[in-house]
Every structure is written in structure tokens, then in C-alpha cells.
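> Once you've looked at the hints, dock chains S and X against the given chain E.
Protein chains in written order, with the working numbering: chain E, 1 to 272; chain S, 273 to 544; chain X, 545 to 816.
Be aware that a few hints might be false.
[As the list claims (entries may be wrong)] Heads up, simulated DSSO-like pairs for lysine-lysine below, C-alpha to C-alpha not over 27 angstroms straight-line:
1) Lys-238(E) <-> Lys-776(X)
2) Lys-232(E) <-> Lys-811(X)
3) Lys-776(X) <-> Lys-504(S)
Simulated from the structure, these hints should not be mistaken for laboratory data. These numbers were taken from a predicted model, which means no experiment stands behind them.
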Amino acid sequence: MEINNQLITILQEIKRQKPLVHHITNYVTVNDCANIVLALGGSPVMADDQDEVEEMVSIASALVLNIGTLNKRSMESFLIAGKKANEIGVPVILDPVGVGATNLRNEIVRRILKNVKLSVLRGNMSEIKNIYGIAASTKGVDSIDNPLDGGKEIALELAKRLQCTVVITGAVDIISDGGTVYYINNGHEMLTNITGTGCMSSSLIGLCCGTGKGSLHGAIAGMMIMGIAGEKAQSRLKEYEGLGSFKVYLMDAISKFSIEDIQERGKVNEIK
Amino acid sequence: MEINNQLITILQEIKRQKPLVHHITNYVTVNDCANIVLALGGSPVMADDQDEVEEMVSIASALVLNIGTLNKRSMESFLIAGKKANEIGVPVILDPVGVGATNLRNEIVRRILKNVKLSVLRGNMSEIKNIYGIAASTKGVDSIDNPLDGGKEIALELAKRLQCTVVITGAVDIISDGGTVYYINNGHEMLTNITGTGCMSSSLIGLCCGTGKGSLHGAIAGMMIMGIAGEKAQSRLKEYEGLGSFKVYLMDAISKFSIEDIQERGKVNEIK
Amino acid sequence: MEINNQLITILQEIKRQKPLVHHITNYVTVNDCANIVLALGGSPVMADDQDEVEEMVSIASALVLNIGTLNKRSMESFLIAGKKANEIGVPVILDPVGVGATNLRNEIVRRILKNVKLSVLRGNMSEIKNIYGIAASTKGVDSIDNPLDGGKEIALELAKRLQCTVVITGAVDIISDGGTVYYINNGHEMLTNITGTGCMSSSLIGLCCGTGKGSLHGAIAGMMIMGIAGEKAQSRLKEYEGLGSFKVYLMDAISKFSIEDIQERGKVNEIK
Numbered sequence: 001m002e003i004n005n006q007l008i009t010i011l012q013e014i015k016r017q018k019p020l021v022h023h024i025t026n027y028v029t030v031n032d033c034a035n036i037v038l039a040l041g042g043s044p045v046m047a048d049d050q051d052e053v054e055e056m057v058s059i060a061s062a063l064v065l066n067i068g069t070l071n072k073r074s075m076e077s078f079l080i081a082g083k084k085a086n087e088i089g090v091p092v093i094l095d096p097v098g099v100g101a102t103n104l105r106n107e108i109v110r111r112i113l114k115n116v117k118l119s120v121l122r123g124n125m126s127e128i129k130n131i132y133g134i135a136a137s138t139k140g141v142d143s144i145d146n147p148l149d150g151g152k153e154i155a156l157e158l159a160k161r162l163q164c165t166v167v168i169t170g171a172v173d174i175i176s177d178g179g180t181v182y183y184i185n186n187g188h189e190m191l192t193n194i195t196g197t198g199c200m201s202s203s204l205i206g207l208c209c210g211t212g213k214g215s216l217h218g219a220i221a222g223m224m225i226m227g228i229a230g231e232k233a234q235s236r237l238k239e240y241e242g243l244g245s246f247k248v249y250l251m252d253a254i255s256k257f258s259i260e261d262i263q264e265r266g267k268v269n270e271i272k
Numbered sequence: 273m274e275i276n277n278q279l280i281t282i283l284q285e286i287k288r289q290k291p292l293v294h295h296i297t298n299y300v301t302v303n304d305c306a307n308i309v310l311a312l313g314g315s316p317v318m319a320d321d322q323d324e325v326e327e328m329v330s331i332a333s334a335l336v337l338n339i340g341t342l343n344k345r346s347m348e349s350f351l352i353a354g355k356k357a358n359e360i361g362v363p364v365i366l367d368p369v370g371v372g373a374t375n376l377r378n379e380i381v382r383r384i385l386k387n388v389k390l391s392v393l394r395g396n397m398s399e400i401k402n403i404y405g406i407a408a409s410t411k412g413v414d415s416i417d418n419p420l421d422g423g424k425e426i427a428l429e430l431a432k433r434l435q436c437t438v439v440i441t442g443a444v445d446i447i448s449d450g451g452t453v454y455y456i457n458n459g460h461e462m463l464t465n466i467t468g469t470g471c472m473s474s475s476l477i478g479l480c481c482g483t484g485k486g487s488l489h490g491a492i493a494g495m496m497i498m499g500i501a502g503e504k505a506q507s508r509l510k511e512y513e514g515l516g517s518f519k520v521y522l523m524d525a526i527s528k529f530s531i532e533d534i535q536e537r538g539k540v541n542e543i544k
Numbered sequence: 545m546e547i548n549n550q551l552i553t554i555l556q557e558i559k560r561q562k563p564l565v566h567h568i569t570n571y572v573t574v575n576d577c578a579n580i581v582l583a584l585g586g587s588p589v590m591a592d593d594q595d596e597v598e599e600m601v602s603i604a605s606a607l608v609l610n611i612g613t614l615n616k617r618s619m620e621s622f623l624i625a626g627k628k629a630n631e632i633g634v635p636v637i638l639d640p641v642g643v644g645a646t647n648l649r650n651e652i653v654r655r656i657l658k659n660v661k662l663s664v665l666r667g668n669m670s671e672i673k674n675i676y677g678i679a680a681s682t683k684g685v686d687s688i689d690n691p692l693d694g695g696k697e698i699a700l701e702l703a704k705r706l707q708c709t710v711v712i713t714g715a716v717d718i719i720s721d722g723g724t725v726y727y728i729n730n731g732h733e734m735l736t737n738i739t740g741t742g743c744m745s746s747s748l749i750g751l752c753c754g755t756g757k758g759s760l761h762g763a764i765a766g767m768m769i770m771g772i773a774g775e776k777a778q779s780r781l782k783e784y785e786g787l788g789s790f791k792v793y794l795m796d797a798i799s800k801f802s803i804e805d806i807q808e809r810g811k812v813n814e815i816k
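Bound-form chain E, shown alone (with noise of 0.2 angstroms):
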């Protein structure tokens, strides 16, 4: 399939490239977020001090911004880091955790949104809604509840607005530029039994868009690669295995990734 080639183009030119993604995200699942990137073959750096994100963005290939423990001090950071990334071209991927939970978290994702130019948003129904529902300024967020009842007109005509890819992950992840939507049913109900699943999808994005080959399918590399692993880490496991375990596999089928994995799983499909 013409995706998919793309697709393996991607995961060629990370192996070349080795990109190096700057993140500035939580203290709560970082260490998987570096990890996953080293084990598809990029290189993570995780910097957030306001004097030293201009510098460190510099010699970067991608940001990764994720507001999951936002304070004071990396809000400043967030959008020092994001208007420089925008001025030498670097993509910026933002994953707005739990935005619509608190007053903190709306107004940042708006300031970043008014201020830095996203390549992708990445977010779980319900903060992808309340985002649709900030930048309108009109329409309420509560009124849709299956992505697949509504996910695909709320990603399309964000992406639009945005002028980026919208990625809303769930069962199915929906992702759009704006022109086209394409569907993704990779993955497994696992994934999200274990906390970080979320963030680690933002930081793979990060890593595909750093190669060049554009947002909308590094946006798409991403999310595949992320759901394959978790079907290959699922079957992996024995009756008596759960989440610890899980894990590890997981992060073994990243690093064992392969073009073989995206020609017989992937699973990706333009929606007319």
C-alpha cells in the first residue's frame, strides 16, 4: 500500500538520522518517553529551564511539549521553546494532558495555541474535544462520547483551524491534516492499563516528524508503530502475566521493530 511504503521510509530515515527529540514533559512517565525513543533509534533529551530551552531546541530535530506535571516555571518554557522551534523550523508536537481538568491546563494549551505554531496535536477524546471546544469559544465539549460518533469531524475541521495533524487516540486513532482523515486499528485495550501509553505515542510522533517526512505521516508512523508493539507485547504474554510484564514487552517490540511489522499489521485506512 502506497502508506505504508511511506511509512517505512520513516522508520529507514530514523535508523539514518538518529533524531534527536527535545521533550519538555512530566516527571511521571519520562523515563519511558526517553526510553522509547532510544529504542526505535532516536535520541531523547529532556531540558525545561527557561535559560537553556532556546539553545537545546537549537540542535534539535523535534519538541516534544506535554503539560502532564505543568507548573509556573515550565509554562514559560513551553512557549520560549515552541516560538523558537517555530522560527528555525522545528515541529513541535504538543499532547495536552488532561486539559478541560483544571483552569491551569486550559489556559496553557491556549497560549500555546495562540503562540506557537503546532505541526501535531495528540490527545485522548476528551481533551481533544475540550480543545475543539476552547479555540470555538461557543460550543460545549460534553456532547460527544464514541470517537468514532463525531472524532472525525472534530479532527478535521480542528486541523483545519489549527493549520496541523489533530491525532485522537482511542480504540481507533483518527488523524487528519485537514484535507484527508485516515483510521489506524493498531493496538491493544493493554495499552491503557498502564499510565504513559499516551505520552510515549506523542514522543514516537515527535521522533517520525524529526525525520522530515512530514506531519501528517509522521503523525501516522507514530500511532502504528505504537499500536503494533502493544498487539506484539499483548501476544506475548502468558496467562499468568499482567502489566509489569506487558511493559517489558512492549518496549521489546519497539526495539525489535521492523519494516515486516508495518507490511503484515499495519492497519491504516483514508476515510472519504
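Below, chains S and X without anything else, positioned relative to chain E:
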């Protein structure tokens, strides 16, 4: 046994309610705390900025305060979140990591005890003895070395004084609500050789208390579940496996935890 | 071999003394650093607030300063803790993560070197070359690419200048106290594919130096233990296993580490 039935109810309620446990905690073991809450069926959230902790605790079922890597910023957040939790009836669990080691730790514990009504205080013998001394302001804290030699009296007395459930963890866990005292004889000494088992116990207690079944039974349930999971993890170890595998098996055991585990392995006794 | 006997003594002293290793470190790999210290038989503590680091280092046997995610707050703590450690004779290990990448990192390293007497400086070739250049203020830092091509001279010269033990880690580890130079030929390249092996090496060096057996032998012991554990972890991997399993096996190997491992696998040589 009567008590086991109540613990089983808590386990069932966790699966049914999926309580949200708000943590203000250290950056050393935070990932493990999040994963253990998820693995048992709850929902963890970590947020520590003063400007959002009130809102976050307002949507939570329990609040866990862990001072492991406290700083002046998080100290204020402990108090703000704790007071709000009291106001709206959310149970507060305090894990006074390392209290006694520095004045800063003594100070924050003193301020929390003065301003926040706890549901559960959980620490090791050294920490609880320090608090016993602090709260009394008169009694030395180094007189007792073996938890079984004095722990019962300290737990009972401190629970009365603070009007909360006190948990002293060790080879035997001692739990008192100021009226009764329970000993739990589950666990394995390997639990002391990985970081965060204390923190994770506090998170499990938070999760169990988040079901609304009371702090005494919540504390007993959390400690027993941790102890049994440690036993099961150790029993899976092959001769050549060590602490890396143990931690994986521990998380496996939590995610596979069942009613039968309590019925077959639970060792809790009320001490007269 | 003479040197091996000294390393074995350090290993035995760790089990006997259980040294407390105070870390001021980054939030990316901190959990692994705590676990590796515990797994070898030591006791880790992480504390970074300016108001408690002096007290904490006062009860510690070693201090590890790691600038991985430095910020203006932790920068002051590095200096306060380092000076106190010097005052009371606690060995200080510096891990200058990413020095050279940003001015902030260069600045804190310069300030630490000016104000704190190190026992051990451990970095990769790029980091050590940067410090060599900073300290000299005259020599460029980009002239040498292969650690074996110039690393020996840099380690020897920098160790003399800073009057401490310098460790350059790579495929071969180069260690000098300014008088002698040792090469360690243990390790496996998979160690570079998980985050934190550098940080963990520094923690192990801190633990080994915490036994009071000197910084040169402490540094050699720490690096050799890490290297051998990496070899053993890799040798356990099945064909379908990857970096997730490798990390588990690494921690297993540390917790099972024995005198025989040093005797049978240790590869350290003094270079004339």
C-alpha cells in the same frame, strides 16, 4: 473471616468505581505509583502546581501527599490540596518520607498535621516514631527499635491523638484507628530492596480509601494487597533472577490480583 | 590480580556498610539510580531543596551531582551540598550530563568546578572534552573523536588539573587519578540504547566511593560492575527479546552481583 469480606468488597468497588487518586508526590517513584493504581483498577493523576491542586482534588476520590522530594513549591501545594480535600470530604493519606532526617521534612509534616485532617498516616517505624515525638513535643523518638516492641502502643496512641488511621510498615504491618489494632503478616523482605514500595503502599491505601469504605479497612486492604503481591512476585522468581524481575512480577501480581488472593493468603489479625 | 582484590573488598564493604548515597539528580533516570544503588546493597536518598541538602549530605557517605535536568533552583543546591560535602569529607561525584550543549550547563559545571572539590568526574568523551576545554579556556574541544585516540591523555591531564579521578566512558572506559591510567574492557553496546546507564554508573561510583576505599578504586569498581552487569544481561537475551528485557536483566545482574563476577569477567588494565 469477617474482615476479609470487607477487603473483598473494597477490591470489587475499585473495579466498579475506578476511583481517581490525586497524588502530590516525589519524582523518584511517581511512575510506579501511577502504574500500581492503574494495575489494580484505579485512575491516578499527578498534579502539584499551587494553581491547580484545588481543582484537581475536587474531582478526585482520594489525595495522597508524599514528601519524598519536597520543595518549597510543593510544600504549599500539600497544604492547599489538603485543606480543600478536608473541605469536600476527600480522604487524605500522608506518607512522611524521611521525616526526622531534615528540619524541612519535620516542618512540612508539622504544618500538614496542624492544618489538614488525615484519614491515614503511613510510614516506617522510624518515620512514625519521629512524628510521635514531634506531635508530643516531649517524648524522645529513638527508644524503640523493633516495631513489635512498642509499635502497637505508638500506632494506637498516635491514631487517637491525630484521629486518623496510623499504619506502621515493616516485617509485620501494624494498623490502628485508635480503637482497635491489626497486624498484617503478609509481604516479603525483597520489597525493601526496590525503591518505592512504601510510596506504592500509600498509593494503594489511597485507592482503597477512595472507594468510600473507610480509612481503617482502606489501610488494611492497601497493605494486604501490597504484601500478597510481594509474596506472589517472590514465589515466581527463578534462582538466577533478581530485583529487576521481582519488580516486573510485583506489577503482574497487582494487575492479576483477585478475591482468591485475599481468601487464600490474607493474614490479618486484630490484636487485643 | 591485585586490583581485583581491592574491588572485591569494596563490594564486600558495600554489603557490610550499606552506604547512604545522596543524589541531586535529574527526573528522567532517578528511579533507575535509586534502584541500582539498592540492588547492589546501598541506600539511596534523593533530595534537592536548598533548605535540606546540607542536612541530608551530612548523614550520607557520598554525594552524586547529576545535571541532567538542571534548573536555577537545583543549581544552587548543587553548590550548597557540594561545599558541605567537602567540609565534612564526603566524596563528591559529578556527572556533567550534556555539558557543551547549552550555556546553562557550561555555567553550572564551571561553578561546581570552582567551588567544589570533586572526588570523581564521570562523563562520555564529548562531555569530558568540553570540560577539558572549559577548564583550559584555550584548547578547542572538537579535535578528538575516538576515546582511544587522545582519551588517555585528556583523562590524565584533567585528573591532574582537577586533582580528582576522571572517568571517560565509552566502548572502553578510561580512568585516571592523575598518576595512573586504567582501561576497563567490560560492558556491551546495548547499554547505550537504554536511558540512564551513564547516570546509573555515576550512582554506582558514588556507592563504591561511599565505602571509604578511595576514589580511584571506587570509580574502577563502579564502572566494572556496570559493565559486567551489562554483559550478563545481554547474554540472557533470547532472540526475540529487546531493550525492555535487557533493562530487567541488567537490574537482575546488579542484584545478583558476586565476587566471582569480578574474578571471572573483570577486565581492567593499567596503561603505561
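> Do the alpha carbons of Lys-776(X) and Lys-504(S) lie within 27 angstroms of each other, as the hint requires?
Holds - the C-alpha atoms of Lys-504(S) and Lys-776(X) are around 26 angstroms apart, at most 27 angstroms.
> Would the pair Lys-238(E) and Lys-776(X) pass a check requiring their Cα atoms to be no farther apart than 27 angstroms?
25 angstroms, holds
> Does the alpha-carbon distance linking Lys-232(E) and Lys-811(X) stay inside the 27 angstroms limit?
38 angstroms, violated
Checked against the numbered hints above, the structure breaks only hint 2 and satisfies the rest.
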